[in-house]
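Protein sequences, first through last, are from chains A and B.
The first sequence maps to residues 0 to 113 in numbering that gives the first Met the number 0.
The second sequence maps to residues 0 to 426 in numbering that gives the first Met the number 0.
Think of the hints as simulated: they come from the structure by calculation, not from any bench.
One or more hints might be untrue.
[Claimed, not checked] Straight-line Cα separation of at most 25 angstroms, SDA-like style, residue types lysine to any residue; simulated pairs:
{"id": "1", "chain 1": "B", "residue 1": "Lys173", "chain 2": "A", "residue 2": "Ala93"}
{"id": "2", "chain 1": "A", "residue 1": "Lys1", "chain 2": "B", "residue 2": "Gln392"}
{"id": "3", "chain 1": "B", "residue 1": "Lys171", "chain 2": "A", "residue 2": "Glu24"}
{"id": "4", "chain 1": "B", "residue 1": "Lys173", "chain 2": "A", "residue 2": "Ala82"}
{"id": "5", "chain 1": "B", "residue 1": "Lys173", "chain 2": "A", "residue 2": "His90"}
{"id": "6", "chain 1": "A", "residue 1": "Lys1", "chain 2": "B", "residue 2": "Pro178"}
{"id": "7", "chain 1": "B", "residue 1": "Lys171", "chain 2": "A", "residue 2": "Thr52"}
{"id": "8", "chain 1": "B", "residue 1": "Lys173", "chain 2": "A", "residue 2": "Ala48"}
{"id": "9", "chain 1": "B", "residue 1": "Lys169", "chain 2": "A", "residue 2": "Glu104"}
{"id": "10", "chain 1": "A", "residue 1": "Lys1", "chain 2": "B", "residue 2": "Ala174"}
{"id": "11", "chain 1": "B", "residue 1": "Lys173", "chain 2": "A", "residue 2": "Cys102"}
{"id": "12", "chain 1": "A", "residue 1": "Lys1", "chain 2": "B", "residue 2": "Lys171"}
{"id": "13", "chain 1": "B", "residue 1": "Lys171", "chain 2": "A", "residue 2": "Tyr7"}
[Claimed, not checked] Label-pair ranges, simulated between beta-carbon atoms:
{"id": "14", "chain 1": "B", "residue 1": "Gln112", "chain 2": "A", "residue 2": "Leu62", "range": "52 to 60 angstroms"}
{"id": "15", "chain 1": "A", "residue 1": "Arg109", "chain 2": "B", "residue 2": "Pro339", "range": "39 to 47 angstroms"}
{"id": "16", "chain 1": "A", "residue 1": "Leu62", "chain 2": "B", "residue 2": "Asn203", "range": "47 to 55 angstroms"}
{"id": "17", "chain 1": "B", "residue 1": "Ala188", "chain 2": "A", "residue 2": "Pro66", "range": "32 to 40 angstroms"}
Backbone N, C-alpha and C fix where the C-beta goes; we use that ideal spot for every residue, glycine too.
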Amino acid sequence: MKYLCLVYSNEQLLHSLPESPKDAECQAYAGQVAQSGRMLAAEALQGVATATTVRMRAGQVLLSDGPFAETKEQLAGFYLIEARDLNEALHLAAGIPAARVGCVEVRPVRQLVV
Amino acid sequence: MPMLQPATVLTRHIEQLYQQHSRQVLATLIRLLGDFDRAEDALQEAFSAALVQWPLTGVPASPVPWLISTGRFKAIDKLRQQQRFVSDGETVLAQIASDEADDSFVLQMDQQQWPDDYLRLVFTCCHPALSMEAQLALTLREVCGLTTEQIARAFLQTPSTIAQRIVRAKQKIKAAAIPYQVPPPQQLAPRLQAVHKVIYLLFNEGYSMPGNQSVSDDGMLQADLAQQAIDLAKQLLALHFDTESCGLLALLLLQHARRQARFTAHGELILLPEQQRQLWDQVLISEGIRHVETALASGRIGPYAIQAAIAAVHSESTDSASTDWPQIHALYQLLHRLEPTPVVALNQLVAFSMCHGPAAALLQLPPLLADENLAQYHLLFAVAADFHRQLGQNSEALIFYRQALLLATNPADQQFLQQRLLELSAP
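Starting from the given sequences, assemble the full structure and let the hints guide the process.
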């Protein structure tokens, strides 16, 4: 099963709390997951100030500055993992250092029906 | 040679088997078939087959393996028929029918897994990835075998709401791949806590209603949630010893022992000090105390065992005055160290007042009144009112009782508070 682990946190606080993870720790955990053979992809993201939202409406591209929704917590990064089941996925998600200051939404990947 | 039995005796025998073993059959079928709905269909098919075949062939020597095996074959048959219409039918069929060739051998080996199958079912229904509402409904449906209608009645919801809750929970189990397994040792403690919580909530759901409501207005049998919770706690403990499972069962038994004394004939709540203790069920009390002792002797003591010990102290006293309040206060102190919640602190203060009087207790009340977690908790204000009432400070007591009444949601609680208000307002 593939799961996408979406890491959310309040951007203002992500790097400024006592328990905030340093980049080196995040890098190390990603390396650990990769070594276990369960990692498909993982990246940290630039802040939402750099986001651009794209919509197609009536054949026209509509662009707007910022993320599509104003929320208290923003998407800060993601892991795409391969896990045996939800328990294994949750275990991996709990180890993501940013989970200490934000939260991780774990979503099973849907197979497209074609 | 199987014994042939008259039809009515046989039907009753099959009904009994259903009551005692259908959850076991279901639990194993879910593992073998890898799907809740498929297993439920197979369970019904297996019992239907028994009703048709056993009058002719007699009851098999081992009826439970027969039911599991028959259910599995029926499911495989059905999948074969549907294979062409179901996208993943072929794969599923290959998985579940692979060991068909030597079915009796497989089932024999399987019997060793039965207790684990039941636990797998419990842990899956009480998986923290499901909402608490879904966990409660799913546990009652799958583990306790209640109908959707019975569950709806117990939670004062419509059957369609409950049915939808169960369907969604099963969809999540499937789509998110919640595994059908007993958690590995390193994850067992938190997962057991989740199961305990479900059992305790079920019990409270049943316990907060006045008793003797086993038959509702339209004559339908009402599920006794408190009893279901006790049965579940017993099963859990029998399959896997754990101090807190033991403490939880003890707590439920000791609370349940008081059920006849907790409400008046009109459904009004009677508090512990005013309960007629001769109505307490001594059989349940001694059973409960036995489990408290086992839990305490096991060394690693947890919140349920401590609460059970508190209930045991009450059970051993003939009235409120002769209760060993210093011991109860010490137990609450211990509980507060493990669970530093304001509700525990409030209970500790009540025990303190029983040891040192309401005036001394009132001095410790301000921090609790300032705690925003308790701001909506009617019992805090009822306790404050009661301290003032005992000291003859009626006007202060009235203010707090009114505050408590504003916050109380349970009709029995409201009635009790109104009664107190009446008594104090009387000239």
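Taking the hints in turn, this is what the structure says about them:
1. B/Lys173 to A/Ala93: Roughly 21 angstroms between the alpha carbons, so the hint for B/Lys173 and A/Ala93 holds.
2. A/Lys1 to B/Gln392: violated (66 angstroms)
3. B/Lys171 to A/Glu24: violated (33 angstroms)
4. B/Lys173 to A/Ala82: holds (15 angstroms)
5. B/Lys173 to A/His90: holds (18 angstroms)
6. A/Lys1 to B/Pro178: Answer holds: A/Lys1 to B/Pro178 is near 14 angstroms, not above 25 angstroms.
7. B/Lys171 to A/Thr52: violated (30 angstroms)
8. B/Lys173 to A/Ala48: violated (38 angstroms)
9. B/Lys169 to A/Glu104: holds (20 angstroms)
10. A/Lys1 to B/Ala174: holds (11 angstroms)
11. B/Lys173 to A/Cys102: Satisfied, since the Cα-Cα distance of roughly 23 angstroms is no more than 25 angstroms.
12. A/Lys1 to B/Lys171: Given pair A/Lys1, B/Lys171 holds - Cα atoms ~15 angstroms apart, limit 25 angstroms.
13. B/Lys171 to A/Tyr7: holds (22 angstroms)
14. B/Gln112 to A/Leu62: 52 to 60 angstroms: holds (58 angstroms)
15. A/Arg109 to B/Pro339: 39 to 47 angstroms: Once the Cβ atoms are compared, 43 angstroms apart, the range 39 to 47 angstroms for B/Pro339 and A/Arg109 holds.
16. A/Leu62 to B/Asn203: 47 to 55 angstroms: holds (54 angstroms)
17. B/Ala188 to A/Pro66: 32 to 40 angstroms: The hinted range 32 to 40 angstroms holds for B/Ala188 and A/Pro66, with Cβ atoms some 39 angstroms apart.
Checked against the numbered hints above, the structure violates hints 2, 3, 7, 8; every other hint is satisfied.
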